[in-house]
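K.L.:
Sequence:
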Amino acid sequence: MGRVKALPLYRTIPTCMATFKDLNLHAQLQQSLQELNISTPTPIQQEAIPLLLQGLDVAGQAETGSGKTAAYGLPLLQRVNTDIQQVQALVVVPTRELAVQVRQELKQFGKYIANLKISAFYGGHAFSQERASLAHPPQILVGTPGRLTDHLNRRTLDLSHVMQMIMDEADKLLEMGFEEELDKVIAALPPKRQMILFSATMDEDVKELIASSLKNPQFVKVSSNAIPTQVRLVGVKFGATQRQEILVSLLRHIEPKGIVVFVNNRMTTEELAAQLQAQGLAARALHGGMEQPDRDKTMTLFRNGTATVLVATDLAARGLDIAALNSIIHYELPIDAAAYLHRSGRTGRAGRGGTVYTLATTSDEKKLREWEQVRMDEWLSVDTLKEKTPAVAAELTAAFATLHISGGRKDKLSPRDIVGALIAEAGLPADQIGKIEVQDRQSFVAVPAKQRDSILAKLSNGKIKGRKYKVSLVS
1 MGRVKALPLY RTIPTCMATF KDLNLHAQLQ QSLQELNIST PTPIQQEAIP
51 LLLQGLDVAG QAETGSGKTA AYGLPLLQRV NTDIQQVQAL VVVPTRELAV
101 QVRQELKQFG KYIANLKISA FYGGHAFSQE RASLAHPPQI LVGTPGRLTD
151 HLNRRTLDLS HVMQMIMDEA DKLLEMGFEE ELDKVIAALP PKRQMILFSA
201 TMDEDVKELI ASSLKNPQFV KVSSNAIPTQ VRLVGVKFGA TQRQEILVSL
251 LRHIEPKGIV VFVNNRMTTE ELAAQLQAQG LAARALHGGM EQPDRDKTMT
301 LFRNGTATVL VATDLAARGL DIAALNSIIH YELPIDAAAY LHRSGRTGRA
351 GRGGTVYTLA TTSDEKKLRE WEQVRMDEWL SVDTLKEKTP AVAAELTAAF
401 ATLHISGGRK DKLSPRDIVG ALIAEAGLPA DQIGKIEVQD RQSFVAVPAK
451 QRDSILAKLS NGKIKGRKYK VSLVS
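In full-length UniProt numbering, the protein residues as written are 1 to 475.
Check each hint, because a few of them may be wrong.
Cross-link-like lysine-lysine pairs, in silico, DSS-like; alpha carbons within 30 Å at most [stated by the list, open to error]: (1) K367 - K297; (2) K237 - K117; (3) K367 - K237; (4) K117 - K257; (5) K172 - K107; (6) K237 - K192; (7) K297 - K107; (8) K117 - K450; (9) K207 - K192; (10) K435 - K297.
Computed Cβ-Cβ distance ranges for the label pairs, DEER-style [unchecked claim]: (11) S160 - Q277: 46 to 56 Å; (12) S472 - E291: 50 to 60 Å; (13) Q439 - T40: 49 to 59 Å; (14) T361 - P191: 34 to 44 Å; (15) E372 - V474: 42 to 52 Å; (16) E370 - N264: 12 to 22 Å.
Just so you know, these hints were derived from the structure itself, not from any lab.
No residue lacks a Cβ here, since even glycine has one placed at the ideal position from N, Cα and C.
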């Protein structure tokens with residue numbers, strides 16, 4: 001990478017809000033946005049989309065929750081040619097969780113684009129499956145640097161038709177040591193291509209990456225505060241030896257669903273999740289040391305309500321857009337304000353509300369007050385918290401259990417088929433069926449926890465879409 005160059009001034013985001021129609025997006029994209037109840041572009045979308053549709057290189061500084069995936073994804077989808085079965089757009093992301101999320105978001109936006117194929121390649125995913133899928137390459141590929149370079153080294157991936165490359169969360173990519181991998185991927189691209197970079201911060205390493213890989217880039221920037229205004233921030237003061245006791249008390253006095261508890265290391269996630277389970281709380285651990293299938297299973301259980309509390313490291317602070325997330329709890333303060341903002345930005349997305357609780361000793365409180373970009377709407381003692389909200393402990397035991405079905409999209413199963421089988425075979429009313437996730441070769445469905453055994457037995461002995469599948473309880 002070359003010498004750091006002085007960066008141009010950022011473009012000023014206009015105060016007059018456009019609509020997606022004003023941004024000249026195709027009707028198919030506008031239709032999918034309408035179905036997703038996305039009506040007005042965010043500031044980063046309003047500024048970046050016209051530049052990207054012109055084919056210009058763009059460097060954007062945008063925090064978690066600002067809508068940056070749509071900011072680069074909608075122009076990407078508009079410019080792709082589905083008559084050509086080659087990788088035309090490449091999105092490079094730092095983590096497998098973000099790869100899966102970006103693929104899902106792009107699929108939702110591109111729902112009405114005929115013959116569109118979007119794939120995600122990442123470590124922990126079967127290499128043989130990815131290689132086989134390249135017999136009919138996707139037009140859009142989302143991948144982590146390590147897995148992409150693995151394909152390049154084995155000559156299984158052709159990037160010679162790529163017209164656009166996006167480096168999402170560039171600061172995280174560099175922080176995780178992917179500089180060499182990025183260089184190798186960029187070297188495999190054709191000389192004429194559009195380069196796009198988004199980063200939460202613009203430190204010297206990111207500036208150097210911009211200088212070395214983008215040509216005459218346009219710069220856009222949104223507010224440095226990652227926490228949406230509709231999110232309420234509450235500090236909970238306590239004595240230094242009471243941390244776990246205070247957490248349990250807090251969990252018993254807030255809305256009992258969609259709660260992420262952030263800690264600072266892997267060991268704490270496992271220990272704390274086990275301690276919460278011993279208290280009768282439906283808690284699960286999530287950290288980077290888990291095998292990919294275990295991480296996927298944990299996220300499935302959290303999304304469908306079988307697990308109501310997720311104890312996580314900062315792995316979950318980047319790239320996980322969880323619609324069911326209502327509350328964030330900082331069990332331990334992260335190292336700096338930027339990490340605090342990234343964690344907190346997991347809630348309040350897409351205009352939704354949410355609450356961020358921070359457990360704070362006297363020294364923690366002092367540190368929070370020194371972080372100028374972190375606001376605190378309210379400070380409470382534990383006793384005050386109990387007075388303000390009634391206990392809801394009984395509801396924190398999960399209302400749902402999750403069943404695993406050994407068939408998915410490639411077996412021609414759909415959510416409708418699973419709903420039909422639960423009604424016909426298990427006698428379960430439709431309004432009692434929880435979230436259903438259909439994957440390539442497996443499916444998950446949330447059912448009432450109190451009836452799980454009888455539903456499991458009936459569905460195991462019955463048929464789904466005229467065929468028997470192995471059905472098991474996800475523990």
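K.L.:
When the structure is checked against the list of hints, which entries are broken? Sort them ascending.
P.N.:
1, 2, 4, 6, 8, 12, 13, 14
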